[in-house]
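For the sequence shown, UniProt numbering assigns the number 1 to the initial residue and increments by one for each residue that follows.
Calculated from the structure, these hints are not laboratory results. Do not take every clue at face value.
As the list claims (entries may be wrong) - Now the in silico label distances, taken between C-beta atoms and shown as ranges: (1) Y214 / E263: 38 to 44 Å; (2) V138 / D218: 38 to 44 Å; (3) S130 / L424: 41 to 47 Å; (4) L350 / L419: 25 to 31 Å; (5) L419 / A222: 40 to 46 Å; (6) Y214 / V138: 30 to 36 Å; (7) G415 / D225: 44 to 50 Å; (8) T167 / A92: 17 to 23 Å.
Ideal Cβ placement from N, Cα and C applies to all residues, glycine included.
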Amino acid sequence: MTVTHEPAANRGLAVQFRRVRGSRLVRQNLVLFIGGFLAGAGGFVYHSIAGRALGPEAYGEVSALVGVYTVGATINLMLVVVLARYAATLKASGRTGAIRHIMDRTARVIAMPAVLFCLVGAALSIPAASFLQLRSPVPLIMVVVAIAAYWYTAIPRGVLQGSQRFTALSANLSFEILVRTGLLVVFLGLGLAVFGATLAILAGVVLAFGLGLYTLRDVLAAEPDPVRVRTMATFAITATAGTLGISLLYNADVVLAKHFLGEHDAGIYGSLNKIGTILFYGTLSVSQVLFPRVLEAVAKRDYPGRLLLLSAGIMTLLGLCAIAVFAAASGLVVGVLYGPKYQAAQPFLLAVGFVGLGWSLNNLLVQFFMAVHDRVFIGLLAAGCALEVILIVTFHAGVGQVVQDVVIAVFALLGALSLRLVFLLPRLQPEMLLEEDREV
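Between the sequences and the hints, there should be enough to build the whole structure, so can you do that?
See below:
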C-alpha cells in the first residue's frame with residue numbers, strides 16, 4: 001500500500017493559513033473592511049456621479065465643499081476616538097450603565113457648541129464662499145449644518161467601535177454613504193446641482209445617527225451609572241490634535257487647490273484627491289480595529305507593539321494592491337470614476353496612490369500613539385500639516401506641482417512618525433499606560 005505524504009512546506013502553509021483565518025484581529029478587520037469598502041465605493045460613486053453630472057468647474061465646488069465638511073467634521077472623529085476609548089474600558093469592566101451615562105453627557109455637552117457653530121458658519125458664509133470661489137453661499141451653509149449634525153453621529157459610532165461591535169459599525173458607515181449617494185441622484189435629477197450634493201450629505205448624516213441609536217437600544221435601555229470622566233477632557237485634547245491633523249493632511253490640499261488653481265485644474269485636482277482617498281478609506285478599518293485592540297491589550301497588561309506591526313503589514317499589503325491597479329490601468333480608473341473630461345488627471349494617478357497609502361500609514365501611527373498616551377506625535381503632526389500648507393502656498397503652478405508638494409509633506413511626516421515609533425517601542429510597557437485609565 002502506498003502512503004502519500006503531504007510536503008512539509010504545504011503543511012506549514014496550511015497551518016499558517018488556519019492561524020491567520022482564526023485570528024480575531026484579522027476577522028475584525030475583515031468585517032470593518034467590508035463595511036469600509038462599501039462606504040468607500042458609495043463615496044466614490046457619489047463623487048463620480050457629481051463629477052460627471054456637473055462637469056469639472058461645478059464639481060470643483062463640490063470637491064472643495066466636501067473638503068470643508070471633512071475638516072469641520074474633525075470634532076466627530078475626536079468624539080469617536082474619545083468615546084471608543086472609554087467605552088472599551090467600561091465594557092471590559094461590564095459597566096453598560098456607565099456607557100449610557102457618557103453617551104447622555106456627551107450629547108448635552110455638544111448641544112450648545114453645535115448651535116453656535118451653525119450661527120457663526122452662516123454669518124461667515126459669504127466671505128468664505130468668496131475665498132473658495134463658490135457661486136452661492138447657500139451650499140456652504142448646508143455643509144455647516146451637516147458638520148454640526150455629524151458631531152452627534154460620533155456618539156453611537158464611538159460606542160460601537162469601543163465595544164468592538166464592528167458588524168453594527170460597518171453597517172452604519174455603509175448606510176450613511178448609500179443614503180447620501182442615492183439622494184444625490186434624486187437631487188441632481190431635480191436640478192439642485194451643488195446645493196443638492198450638500199443636502200444629500202446632511203440627509204445621510206441624520207439617518208445614520210438614527211440607525212446608530214437603534215443599534216444601541218440595549219445600552220440606552222440600561223440604567224445610567226454615573227462615572228468619573230476627569231481624564232476625558234485631557235484625552236480629548238490629544239484626540240482633537242490627532243484627528244484634526246490627519247483630516248487637514250488629506251483635505252487642506254484640495255481646499256488650497258480650489259483657491260490657487262483655475263476652475264478646471266481645481267476640478268482635476270479634486271478628482272485626484274478623491275481617488276487618493278480610495279486607499280485611505282479602503283484601509284481605514286485597520287486603524288479602527290487597532291485602537292480598541294491596543295486599549296484591550298493595555299487593560300490585560302499585554303504588549304501592544306505586536307498589534308501595530310501586524311496592522312501595518314495588513315494595511316501596506318492592501319495599499320500596494322490598489323497602487324498596482326492604479327499603475328496598470330490609470331486611464332481606466334479615471335475614465336470609470338470620472339469620465340473623459342478628467343483624463344488630465346491620469347499622469348498623476350500613481351503618485352496619488354502612494355499619497356493615499358502615506359495618509360493611511362500616518363493615521364495608523366497616530367491612532368497607536370493616542371492609544372498608548374504618547375503626545376510627542378502632536379508636534380510632528382502639526383509640522384507635517386504646516387509643511388504641506390507652506391509648500392502649496394509657495395509652489396502651485398499647476399496640478400503636478402501641488403501633487404509634488406503633497407508627496408513631500410506626507411512622506412516627510414511618515415518618516416518623522418516612524419522615527420518616533422522606533423524610539424518609543426523599546427520603552428513601552430503596559431504598566432506605563434494603566435495609571436491614567438484607573439480614573440475611569
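Verification of the hints:
1. Y214 / E263: 38 to 44 Å: holds, 43 Å
2. V138 / D218: 38 to 44 Å: holds, 41 Å
3. S130 / L424: 41 to 47 Å: Since the Cβ atoms of S130 and L424 sit about 45 Å apart, the hinted range of 41 to 47 Å holds.
4. L350 / L419: 25 to 31 Å: About 26 Å separates the Cβ atoms of L350 and L419, which means 25 to 31 Å holds.
5. L419 / A222: 40 to 46 Å: Taking Cβ atoms as reference, L419 and A222 lie about 45 Å apart, which means the hint holds.
6. Y214 / V138: 30 to 36 Å: holds, 32 Å
7. G415 / D225: 44 to 50 Å: Taking Cβ atoms as reference, G415 and D225 lie about 45 Å apart, which means the hint holds.
8. T167 / A92: 17 to 23 Å: holds, 20 Å
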